[in-house]
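S.K.: Order-wise, the sequence lines are chains A and B. Per the working numbering, the very first residue in the first sequence carries number 1; after that it's consecutive. Per the working numbering, the very first residue in the second sequence carries number 1; after that it's consecutive.
Where hints are given, some of them may not hold.
What the hints assert, rightly or not - Below, computed lysine to aspartate or glutamate pairings styled on EDC-like, alpha-carbon distance capped at 20 Å: (1) B:K174 / B:E87; (2) B:K469 / B:D489; (3) B:K16 / A:E190; (4) B:K16 / A:E171; (5) B:K174 / B:D160; (6) A:K166 / B:E14.
Worth flagging that the hints you see were computed from the coordinates, not collected in a lab. Owing to the predicted nature of the structure, the values given are computational and were not obtained by experimental measurement.
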Amino acid sequence: MSLDPAARSGYADHPPRMGFFTDTSVCIGCKACEVACKEWNGVPEDGLELTGMSYDNTQSLGASTWRHVAFIEQIDHPGQPRWLMASDVCKHCTEAGCLDVCPTGALLRTEFGTVVVQDDVCNGCGNCVAACPFGVIGRRETDGGAHKCTLCYDRIGDGLTPACAKACPTESIQFGPLDELRDRAQARLETLHEAGVAGAQLYGEDPGNGIGGAGAFFLLLDEPEVYGLPPDPVVTTRDLPRMWRHVASAAAALAAAALISGLGGRA
Amino acid sequence: MAEAHPVGFQWVMEAKQRGATVIHVDPRFTRTSAHADVYVPIRAGADIAFVGGIINYVLQHDRYFRDYVLAYTNASAVLSEDFADTEDLDGVFSGLDRELRMYDMETWRYQRSEVRAAAGDRTPLRDRFTPQQLRQVRRAARGEAHGSGGGAVDPVHDADETLQHPRCVFQVLKRHFARYTPELVAEVAGVPEETFLRVCELVTANSGRDRTTTFVYSLGWTQHTVGVQYIRTAAILQSLLGNMGRPGGGILALRGHASIQGSTDIPTLFDLLPGYLPMPHAYGNEDLDTYVAAESLSKGFWADTRNYMVSLLKAWWGDTATAGNDFCYAYLPRLTGSHSTYETVLSQLSGVCTGYFLLGQNPAVGSANARMQRMGMASLDWLVVRDFSMIESATWWRDGPEIETEQMRTEDIKTEVFFLPAAAHTEKNGSFTNTQRMLQWHHAAVEPAGDARSDLWFAYHLGRRIRQKLAASSAETDRDRPVLDLTWDYPVRGPLAEPDAEAVLAEVSGWGADRTPLSSYTELNDDGSTSCGCWIYCGVYAGGVNQAARRTPGGTQDWVAADWGWAWPANRRVLYNRASADPDGRPWSDRKALVWWDQATRRWTGHDVPDFIADRPPDYRPAADARGTEAISGTDAFIMQGDGKAWLFAPAGLVDGPLPVHYEPQESPFSNVLHGQQHNPVREVLTHPLNLYQPSGDEPGSEVFPYVATTYRLTEHHTAGGMSRFLPYLAELQPAFFCEVSPELAAERGLEHAGWATIVTARSAIEARVLVTRRIQPLRMRGRVVHQVGLPWHWGPNGLTTGDAANELVHLALDPNVYIQEDKALACDIRPGRRPRGPALLDLVREYRQRAAITLKTGTDT
Chain A
1 MSLDPAARSG
11 YADHPPRMGF
21 FTDTSVCIGC
31 KACEVACKEW
41 NGVPEDGLEL
51 TGMSYDNTQS
61 LGASTWRHVA
71 FIEQIDHPGQ
81 PRWLMASDVC
91 KHCTEAGCLD
101 VCPTGALLRT
111 EFGTVVVQDD
121 VCNGCGNCVA
131 ACPFGVIGRR
141 ETDGGAHKCT
151 LCYDRIGDGL
161 TPACAKACPT
171 ESIQFGPLDE
181 LRDRAQARLE
191 TLHEAGVAGA
201 QLYGEDPGNG
211 IGGAGAFFLL
221 LDEPEVYGLP
231 PDPVVTTRDL
241 PRMWRHVASA
251 AAALAAAALI
261 SGLGGRA
Chain B
1 MAEAHPVGFQ
11 WVMEAKQRGA
21 TVIHVDPRFT
31 RTSAHADVYV
41 PIRAGADIAF
51 VGGIINYVLQ
61 HDRYFRDYVL
71 AYTNASAVLS
81 EDFADTEDLD
91 GVFSGLDREL
101 RMYDMETWRY
111 QRSEVRAAAG
121 DRTPLRDRFT
131 PQQLRQVRRA
141 ARGEAHGSGG
151 GAVDPVHDAD
161 ETLQHPRCVF
171 QVLKRHFARY
181 TPELVAEVAG
191 VPEETFLRVC
201 ELVTANSGRD
211 RTTTFVYSLG
221 WTQHTVGVQY
231 IRTAAILQSL
241 LGNMGRPGGG
251 ILALRGHASI
261 QGSTDIPTLF
271 DLLPGYLPMP
281 HAYGNEDLDT
291 YVAAESLSKG
301 FWADTRNYMV
311 SLLKAWWGDT
321 ATAGNDFCYA
331 YLPRLTGSHS
341 TYETVLSQLS
351 GVCTGYFLLG
361 QNPAVGSANA
371 RMQRMGMASL
381 DWLVVRDFSM
391 IESATWWRDG
401 PEIETEQMRT
411 EDIKTEVFFL
421 PAAAHTEKNG
431 SFTNTQRMLQ
441 WHHAAVEPAG
451 DARSDLWFAY
461 HLGRRIRQKL
471 AASSAETDRD
481 RPVLDLTWDY
491 PVRGPLAEPD
501 AEAVLAEVSG
511 WGADRTPLSS
521 YTELNDDGST
531 SCGCWIYCGV
541 YAGGVNQAAR
551 RTPGGTQDWV
561 AADWGWAWPA
571 NRRVLYNRAS
581 ADPDGRPWSD
591 RKALVWWDQA
601 TRRWTGHDVP
611 DFIADRPPDY
621 RPAADARGTE
631 AISGTDAFIM
641 QGDGKAWLFA
651 PAGLVDGPLP
661 VHYEPQESPF
671 SNVLHGQQHN
681 PVREVLTHPL
691 NLYQPSGDEP
701 GSEVFPYVAT
711 TYRLTEHHTA
721 GGMSRFLPYL
731 AELQPAFFCE
741 VSPELAAERG
751 LEHAGWATIV
761 TARSAIEARV
771 LVTRRIQPLR
781 MRGRVVHQVG
791 LPWHWGPNGL
801 TTGDAANELV
811 HLALDPNVYI
821 QEDKALACDI
831 RPGRRPRGPA
841 LLDLVREYRQ
851 RAAITLKTGT
861 DT
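Turn these sequences into a full structure, and let the hints guide you.
M.R.: Right under this line is the structure:
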């Protein structure tokens, strides 16, 4: 499918597709991205719970967490101890299940190729929550609506960097035209491989993957499962046309069978 | 650094990307360790053994930078015959008076330097005052007062350039550290030999003509009874390796708050005046002449102390300050001993100190021995708290821990407490001075809300009102003249009558006749013709321009970035950068060129502003009777030092020894392997029933507190929590006070992950959630396993996330040079479950004290 979701959505003349490249190899786990995101977007605090999961008290993405820094302690890692840190975010999929299943059109594709929820259109049906293969989007109890990262739609339209990327002190979160980010990520990956970081891999960027490539992709130092990411995500609506075709042919077969049996009966 | 200074850590990450090797030494594996090439676990409190071990490695393997060491350090200086090292005296230096708990430093001097010329003469002091009075002077933190230069010392008389003389500094140093072998480092610090040797190889391979190594430290190095000596150890190593005054070198102190560098430059410290001028003492600094004689040096830029002091007095008392009245020198307060923050608490408890201002400080949970802090505040007549939120220091009288333990009843507390809301940095103009000594101006974005006001507003208007009251009530009383004669004429602006912060900056920077702004401290005079509020900041308002507000982007200037902000002194970015060139004035290497001598123009030039007399040629040698800056030779790179040299051996200035030596912390499960002397003999101990110490090492009762505790910060919170625990977006990121322990310690003590533990010392017991993590490693040393308990110190009873304060546990035994407490290494017990409530908490602590047989005397020996 086309890597240009904006064009597919009818934007004839649109800016380049924008996205995030989150390079977890330089993430220092400061969580400035989480705080900056909440400050800019007015996302509420969502719980003062000590989880015991290393320094991760945010736990997961959701309606009130649009950036989530995971902490994975690997003290036994061969060579030297590791403490992996990674800032997760909405992937802004090329094939976005949430958008496909939204009955009200509250979820929309922007001219930057990103996926945004319109609060005033969302009816809180929750279809999108089940449709996201990453568990990114959630419904907030207080207002009933679905919420997720907008890739700071209200900033990038003014030429500003999204809040999380702006706050990141180590450029672990990089924002820019997706094509440029892909090149940068590839170069960084090669550097790490040359340095002997065998486990380094890109996650989500492949246009051939189950979501048609992510608008927000990652460089990980270990397998995706280690970070709580699905290893091979597939857009939940990918099979819908085929399923509907199956349903249609099954229905046709049934109808034919009925007809045949009717005919037979008559015979 | 990633943990406590994440924004600054971006430069470490950038250096790493450019090929730098990062080594991290810490008792816990932190977010910094996660990005280090080498992580070095260490027992808290054993850093002198570790760094001393590297010094020994450098000396034993001839890995020092010989040309640099010969030219720029005091390695060749021959010491007095009377000096005896800790290796000779089982852990103490010559000159120790155990009864007075102080050293006589005379034997630490260079050979033949006892007889001193007129300027800088301290001998009359000994003749005129008793040992007790001298101790008062010593206790006025004289060590710290020499923060911007060495203590008073004469130039070297006898030097051995071959470095073979048995009493030359180099040989003394070699003998002093000879026992700091890799085996000893493992035994004392718990650092595996293989890791230690790898660090030695990396540090030495990355030092020399072409490469430099930087040391970065934070409060983990300062908060010890030998804190200053920790830094000294690094200074010796960096001087041996030739890493001072050169790009990519140095020892960087990451400060505890924004602009703490600024608050030592223009100090909030009892013992200093602006620009590291010592605060006058009641003994020996009677008038301006005796002050200058005692506190200036005969050589180098401290020879101009009188210029700096007179200009400061002119800034404060303006036209009233004249040559005829000693420039109002008599108006300055005098020290009579230590008036450090902890002595102040004792004074509160004894009824001497009756009023207290807390500006952005939360001692009720943020200072060591927090109970003692609150008991002190409960003894006051009045207390003013200025902060963003209702911190514990403002509410202890109502809901503090002593209300629960029934040690206080609200209705009995006579302290009148005022809470005044403070403006944030976004709501006021002003400067931050960072660890690079760089001032960066910030402009107010919005007016402060409600009653919130800036500290500048508060100080100015408080002073204005006090002056009004004094003027009306006691017009002719001499006692009030110092306040009434102050230059207190700052213009005010806007609806809140906010004083003009730039007017203050201009006064700090200084002016000459007709208020013409000065551009350098070399323009200051001692005749009253110049005024300057802080001599090292002179020029920050040069040309009538706020130099600190310059913001030329890095991409449009060279790598030194001289047009961003302004660094004292004279916008130099690297101090002592004369040392970046060889004795002949040529860069040690092209790769590390910073400043150099240009023979054609006969001036120093380069990328940075040369930290040297601009036209002094490398081959200049002063006449024997030269004084002041004339006495600085062309190779005296360390221009503030009395001998122009970096000190491998400190012949003056430190009260606890000319060389660092490993002592155990005030409280330690271990005895000192190196010496019979367990502790720093001259550490400050404050004897008080609220400040009981535990037995250490082989002493009976030591086993009651078998674990090492250390306090630290988390990225998510700020200091005592006043700026983070009250904010939902930060509180939710670290929503509970916790302790960090290894799985082995958890098993030994039955601690459950995410459950509760109680941590006990002789001062108190606190409870914390438990994080069992392999990031805290048990260390194997001296045939036993040592467990460490990690305690982030951000919590207290108020705010959105609440918890006990780690500072409840910490005692007050202090570094004798600067009076800092030892939070970073103490001994404790840990047990599963929550702590007792109410008076039962005190019973638990009492029971521990009884078991360890603790008395007022425990742990107070020299």
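S.K.: All hints are to be evaluated individually against the structure, with a verdict given for each.
M.R.: Cross-check of the supplied hints:
1. B:K174 / B:E87: holds, 11 Å
2. B:K469 / B:D489: Roughly 17 Å separates the two Cα atoms, so the pair holds.
3. B:K16 / A:E190: Answer holds: K16 of chain B to E190 of chain A is near 16 Å, not above 20 Å.
4. B:K16 / A:E171: holds, 13 Å
5. B:K174 / B:D160: holds, 15 Å
6. A:K166 / B:E14: Answer holds: K166 of chain A to E14 of chain B is near 17 Å, not above 20 Å.
Taken one by one, the earlier hints all hold for this structure without exception.
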